[in-house]
Structures are given as structure tokens and as C-alpha cells.
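Undergrad: Work out the full structure, taking the sequences as your base and the hints as a guide.
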Amino acid sequence: MLARLPLPGYVRRVTDSRATPVAAPRYLLGTFGTLTLIGPGNVTVLGQHGHHRRRLALLAVLAAAGERGRTRDQLLVLFWPEAAQARARRSLDQLLYELRSTIASALFASADPVRLNPEVLESDVDAFNTALARGELEAAVTAYRGPFLDGVHIGGAPELDRWLETERARLERSYTGALEKLAQRADADGDHARAIEWWRRLTESDALSSKNATGLIRTLMNAGEHAAALRHAERFEALVSQELGTSAGPNVAALVAEARAGAGPDRVVARISSSEAAAASPPPEMEPGGASDEPSSVATLSPFRPAHVANAPRRHHRTVVVAGLALVAAVTAASVAMARVRQSTRSQIDAESSIAVLPFENVSRDREDSVLVDGLSEELTSALSKLQNVRVIARASTVAFRNRGLGARHIADSLGVAHLVEGSVQKSGSHFRVRVRLVNASDGATRWSDTYDRERGDILVVESEIAAAVARELGLRMLGGGTAPRPHRGTHDIAAYELYVRGRDPIHFRSATDSGPLEGLALLQQAVALDSGYAAAYAHMPAMYYALTTYADLDRARRLKRLADSTAQLAVRLDSSLPEAYMALGKADQIGLSDLPGAETAFRRSIALGGSPRVHELLADNLSWTGLPEEALEEATRSAKEDPLSASAAAEVGKHLCLNHRYAEGIAELARVAAVRPPLQRASLYTAICYVMQDRWPDAIAKLRGTSDPRGSKDPRVRSVLGYALARSGRTAEARQIQSELLAEWRSKRRGAYELAVVTAGLGDDDQAFAWLDRAVGDLSLYGYIMYPLFKELQADPRFEQFRARLGASSRERRAVPAR
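Everything in the sequence shown is counted per this note's numbering, starting at 1 for the first residue and increasing by one.
Taking lysine to aspartate or glutamate and the EDC-like style, the derived pairs with C-alpha atoms no more than 16 Å apart in a straight line are:
| hint | residue 1 | residue 2 |
| --- | --- | --- |
| 1 | 427 | 453 |
| 2 | 749 | 555 |
| 3 | 427 | 368 |
| 4 | 714 | 553 |
| 5 | 749 | 553 |
| 6 | 714 | 745 |
| 7 | 714 | 741 |
| 8 | 427 | 455 |
| 9 | 714 | 514 |
| 10 | 792 | 765 |
Derived Cβ-Cβ restraints for the label pairs, each shown as a range:
| hint | residue 1 | residue 2 | range |
| --- | --- | --- | --- |
| 11 | 388 | 525 | 33 to 41 Å |
| 12 | 458 | 407 | 27 to 35 Å |
| 13 | 767 | 702 | 30 to 38 Å |
Hints listed in this document are in silico derivations from the structure and should not be mistaken for laboratory results. No experiment lies behind these values; they were computed from the predicted model shown. In this text, a Cβ means the ideal position worked out from N, Cα and C, and glycines have one as well.
TA: Structure follows, in C-alpha cells:
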């Protein structure tokens with residue numbers, strides 16, 4: 001009997017983590033680089049001889065398929081596409097027989113589909129794919145030793161050649177993606193040595209990639225190795241000039257200058273000073289039900305991709321200071337990892353209509369006018385969002401570049417847009433002069449400019465005129481047809497507008513009590529008291545009512561729900577073309593999951609009218625709650641594309657990756673968001689949910705208990721997930737303690753049945769869990785997490801499908817996503 005071979009290190013590293021150790025296979029198939037089969041005694045069994053190559057290629061195809069295997073019909077198409085079927089089948093049978101005779105009779109685990117027996121044959125490609133699926137990135141990149149089946153060609157098999165090209169490219173993308181994640185993690189952790197190692201391997205895989213080059217240069221500078229950074233930058237410039245006949249671009253040039261000066265920043269992941277943090281006073285945003293509609297400000301999120309740097313809108317009288325965002329432009333080329341979110345080249349950017357409105361400059365420096373000046377650029381962004389076939393970057397991302405002194409091309413590269421709108425406002429008495437220009441990102445040239453003179457009372461109207469001029473210049477049309485945005489239908493009352501801006505500020509969601517939302521609501525109510533037809537002010541009230549339901553008792557929750565419904569409906573009646581009005585309608589419908597189909601309709605209407613990126617996040621949640629996780633991920637990705645520097649959008653992408661069972665990717669996204677300072681608290685909760693879905697109970701419990709969120713110990717939803725994790729991990733006594741606390745609160749408030757259902761489900765009492773879910777529908781405490789795969793055991797009960805139908809979540813076919 002053959003002695004079993006010791007596994008190579010890269011295979012052991014993957015298999016050692018399995019719960020049940022698997023005996024080492026007798027043979028090892030090498031598919032990365034040279035295609036070979038190694039047998040006992042490290043002897044090459046099948047090499048590169050012509051008559052061996054077809055056998056090896058068949059083994060490689062089966063190894064790449066993993067546990068799925070390949071049907072015989074699929075193999076016939078790949079290897080004998082032009083042969084008669086009977087002859088092709090005989091050839092396949094003969095080839096399989098030869099392999100069994102050469103290697104082992106038990107080589108195949110099944111006959112159709114044909115699957116390899118892992119007890120007999122192990123492969124590096126299977127080790128690579130398995131490691132990636134588990135998030136073991138270092139093991140994956142160690143297994144990858146070169147292009148898949150490099151140089152392999154089988155005569156008379158064009159379909160196989162095409163498959164090889166596709167699979168080779170896919171595996172290479174996975175390899176470079178894993179390297180990039182490792183590099184970014186090391187950067188975020190301040191582990192410069194490891195980051196340099198990973199970035200060097202990336203540059204070796206693609207020497208002409210400016211993204212890889214700037215990543216390595218920046219990391220070398222962070223490590224204090226300015227001379228090495230300069231050498232690599234100069235080599236890269238020379239290589240690009242020689243191979244492509246072009247320059248390396250302004251981003252590399254900026255790094256070269258910085259390296260020569262020997263005065264690079266302390267870190268790419270910049271830190272915000274305590275004084276700046278106090279000045280910014282950014283709000284940690286929350287989930288719906290205590291959720292801010294805007295992202296938190298970001299100080300430490302490296303811009304490796306657009307969905308991973310965020311910035312909050314200013315508080316009405318404050319200057320938001322975001323440390324480190326001046327570095328965004330300098331490392332733009334290193335921020336292109338997610339193709340669905342960002343264009344990777346200048347030609348791709350120019351191929352689409354895309355625009356960003358930068359914060360207007362307040363020339364007079366009068367702080368009392370800051371609300372109006374900021375409001376003008378924000379209203380212009382909103383107006384441009386209503387144009388067809390144009391991607392408009394959200395203000396939460398553009399405000400990051402206020403007073404940064406960066407050129408148009410740097411900013412446009414960072415945001416991934418083809419055009420910028422810049423402007424300034426100068427006041428003289430009650431007179432305002434607004435200067436605006438449209439800039440081409442490719443060369444920084446002014447494409448159009450104009451000056452508008454208005455009295456104070458008319459300043460809020462000018463945004464529609466500017467938007468119309470921009471639309472004409474770019475040849476764009478409105479979503480509903482026509483070339484000009486609709487006339488301004490907001491308020492003409494400056495005082496009402498200022499109250500509105502202060503009232504909708506996300507700072508009001510920061511409080512661990514009702515005080516914040518109550519203050520915001522009071523300001524919005526004052527705004528409508530001055531202008532009873534101010535639809536936008538009404539449209540922001542349901543978010544406050546939603547937040548106030550978090551800790552409300554039954555009577556108050558029902559009252560808040562009625563108020564949310566009525567104010568949202570009033571906003572729609574006042575202005576049926578206002579996207580925020582339909583977003584408000586959808587949020588009101590989400591309270592207690594009272595009308596999920598209605599919420600989806602409202603959110604889609606808001607998007608059709610040019611709604612903010614936040615609407616895509618809300619729609620994504622709604623879709624995931626109704627069993628459409630793939631569509632939910634698409635919507636979350638759209639939000640990230642429209643708000644490329646948003647930590648909120650990044651967190652949603654991470655969450656929805658996990659809900660699609662793409663755990664390694666999702667947790668990696670959330671880990672980067674977790675580096676934000678001040679922290680985005682959702683990231684911790686989402687990460688814990690990802691851990692729960694993988695039965696990683698200790699990690700989930702540690703994450704839930706380790707949050708610095710002042711609401712964490714009070715938020716009933718966080719506590720319920722913690723109780724669920726404790727129960728499922730066998731820590732029953734602790735879970736029952738949380739259950740007891742929640743039960744006491746339910747008896748006091750007559751509300752909170754949802755949280756009790758969650759903990760009870762964790763304790764394994766499905767009958768009681770469904771009883772609590774029934775009560776949760778009536779007390780408006782029901783929340784969408786119950787639809788997530790972390791409750792898969794409860795969802796397997798036939799009663800859960802009936803529960804879905806009761807909520808309108810089963811009104812259409814749901815697409816299941818297989819676990820990876």
C-alpha cells in the first residue's frame with residue numbers, strides 16, 4: 001500500500017483548519033505554473049509529455065470544479081467538441097480508465113458528474129479556492145505560484161482553450177484581489193513590512209498598474225523609506241514611458257515630489273486631532289429606527305475604493321474638518337479595487353456623464369451666511385441628480401475636499417468623475433454674487449462659467465438656473481423629459497431654510513436618548529411653522545419619528561407611526577416630485593415592517609426622481625428583508641458608486657456581501673470601515689452578524705460586547721443578537737439573563753416582542769419564538785434582521801414562510817443564494 005505523502009505547506013495551512021483532520025492525499029496536482037502530478041516519493045507521475053497533457057488537463061478541469069465536479073456532457077464539449085458523440089464518449093471513458101489505472105482505482109468520487117476524490121488527489125487550485133472561501137488570504141496567495149495551466153494547449157479543443165483563458169483570468173483576479181486586501185489590512189494595521197511585501201507582489205503581477213505602483217510607493221513612504229519609494233516611482237515612470245508611451249500621471253508625480261521632499265504623511269490612514277474632532281462633532285449614525293440619513297464623518301479610512309472613505313455634512317454653524325482627506329488625490333490610483341463601484345482608468349471616466357459639485361466658497365467669510373452658501377451647493381447637487389444619464393456624486397463625499405487646495409484632476413480622479421462644478425458666493429449687504437464654473441476633469445479647463453446676482457430672498461432659487469445651464473452644456477435632459485430642471489419649489493423663507501438645515505443635521509441621531517431626535521424634530525417643526533408648504537422639512541420628520549420609536553412604549557410607538565405616515569403623505573401631497581418625500585414614505589412603511597411592498601415602491605419612486613444615495617441603502621435593506629439578497633447587494637453598490645467617500649455606503653456593501661454568503665469579502669470591507677475615527681458603530685454590529693451567520697460565536701460575542709457605542713448596552717436589537725449568540729454558543733445562563741431583562745422591559749412598555757423572539761429562537765424554543773413574532777407585528781417592534789440567514793434554523797420551520805407571507809415578503813419569487 002502506498003505511503004501517504006506529506007502535504008506541501010500551502011495545502012497543510014488550509015486543511016489544518018478543518019474540524020475533522022483529513023488524511024493527506026497520495027497525489028498532488030500542481031496547476032499553477034507548470035502542470036504536473038506528483039506521486040509517492042515526490043515522483044512526477046504525469047509530466048509535460050504530449051500524451052500526458054490531455055490527462056493532466058482533465059484532472060485540472062475537475063480540480064477547478066471542486067466538489068461540484070463536471071458532468072460528462074460538459075467534458076465532451078470541452079475536450080472533443082467536433083467528434084461524433086459516440087466516439088467522444090468512448091474517448092472520455094478511455095481517458096478516465098487510463099487515469100484510474102495510472103493513479104488509483106478510487107481516483108473519482110462519482111461517475112456523473114465526475115468528481116475527484118480528495119482522499120486520493122489534492123490540488124493547489126482547490127487549496128486556493130478553499131482558502132479564499134474561508135477568508136484565509138495568506139494561505140490562498142501562498143498556493144498561487146503562477147498562471148493557471150501556464151502554456152497548456154490541447155490541440156483540437158478550442159472550447160477548452162477558451163475555458164482556460166477565462167479560468168486563468170478569474171484565478172489571477174482572485175489572487176491579486178487577495179493580495180490587495182492583505183496589503184490594505186497591513187496598511188490599516190500599521191504593519192509596514194507586511195504591507196510592502198504584499199504591494200511588491202502586486203507590482204510583480206502587474207508592473208504597469210498605477211494602482212499597484214502608488215500603493216507600494218505610499219507604503220514605502222509611510223515606513224520612512226523615502227529613497228526606496230523614489231527609486232520605485234522613477235522606475236515606474238520610466239517603464240510606463242517606455243511601454244505605453246505616456247506619463248505615469250499626476251498621482252505618481254505628486255508622490256515623487258513628496259518622496260524627494262522626504263516629508264510624507266505619518267500614515268495613509270490619517271488621524272484626526274482632538275481639536276478637529278471637537279470642531280467637527282460628527283454623529284455616529286445608527287440603523288433605521290435610530291438611524292441617521294447621512295454617513296458619519298471619516299478621519300481614518302484609507303481610500304482604497306470609493307465606498308470606503310466617508311464624510312458627514314457640516315453642522316449648520318461648524319466647519320467640518322476631516323484629517324487626512326488631502327491624501328485622497330495623492331493615492332487615487334490605489335483606490336480602484338472594486339470595478340462595480342469605480343472606473344479604473346481615465347477613458348472609462350470620460351466615457352460616462354459624471355459630475356460632482358464641490359462646496360462653494362464663502363468669499364465674505366461671514367459665518368452667518370455659511371448655511372446659505374452650503375445650501376446652494378447642496379441644492380445644486382440635488383437639482384443635477386434629476387438629470388438623465390448622469391452620475392452625480394453626493395455632497396457627503398464632495399465636502400471632503402473643502403479648502404484642500406487640490407487641483408481639479410486630483411479631485412476628479414478621487415471621485416471618479418468627468419466634470420466638476422466649482423463656485424463662490426460673495427455678499428454685499430443684502431446682495432449676493434454667485435460665480436460658477438464647469439470644469440473638465442481631463443485637463444482642468446473651464447468648459448462654462450457664469451455669474452448670478454441675486455438678492456438674499458432669491459438666493460435659494462438660483463440653483464435651478466445653474467443646473468439648467470450645466471445640463472445644456474453637457475447635453476443632458478431631465479428624468480421626466482425636457483432640458484431644464486423644474487423651477488425651485490422649496491422655501492423662499494431664509495429663516496425657514498436655516499431651521500430646516502439645522503433640523504435635518506445627523507448630529508441629532510447621536511444621542512443615546514430621545515433628546516437628539518426631539519431637538520431635530522422641533523427645528524423642523526419651526527421651519528414649517530414659518531412656511532407651511534415646505535415639503536422638504538416635512539419629508540425629514542419621519543426619520544425623527546422612526547428614531548424615537550427605538551425606546552418607545554406601545555402607545556407612543558403607535559402614535560409615532562401615525563405621525564410618520566401622515567407627515568410623509570403630506571410631503572408627497574405638497575411636492576409629488578420631491579425624492580425625499582417618497583424616501584420618507586418608505587421609511588414610515590418600514591416601521592415595524594408594517595408595509596414592505598409599499599416601502600419598496602416608495603424607494604423606487606424616490607430613486608426615479610433622482611433621490612440621494614441613501615435611498616439605495618434603504619431599498620437594499622428592504623430587498624434583503626423580502627428575500628432578494630443579490631438585488632440588495634446591487635443597490636448597496638449603487639449607493640457606494642454615487643457616494644464614493646461614504647463609510648455608511650461601505651458598511652452597507654460589507655453587510656450585504658455577508659448576506660450573500662461572501663463572508664471573507666464582507667468582513668474585510670467592514671474591517672476597513674471599522675478603522676474610521678470616530679467609529680461608525682454599524683460596522684461592529686454588521687461584523688457580529690456576519691460572525692453569527694458563520695457560527696463564529698466567540699467572535700460575535702466579543703464584537704457585540706466590545707463596541708464603544710454608548711447605545712450598545714441599551715439598544716434592544718444589539719442586546720437581542722447578543723442573547724441569541726450566547727444561547728447558540730451554549731452560554732445559556734447569560735442568554736436567559738438577557739431574556740429576563742427584555743421580558744421585564746416588555747411587561748413595562750408592552751413593546752419589544754421582537755427582541756424576545758430573537759433570544760428565544762437562540763434558546764431553541766421555536767414555538768415561543770413564533771408566538772413572540774406574532775406579538776411583534778402588533779407592537780411595531782418587528783425588525784428586518786429576522787429575515788437574515790443568521791436565523792436559518794427558525795426559517796426552516798414551515799411557519800416562517802407563513803410569517804413572511806403575512807408581511808408581504810413572499811409576494812414574489814425570492815432568489816436563494818448558495819452559501820460559499
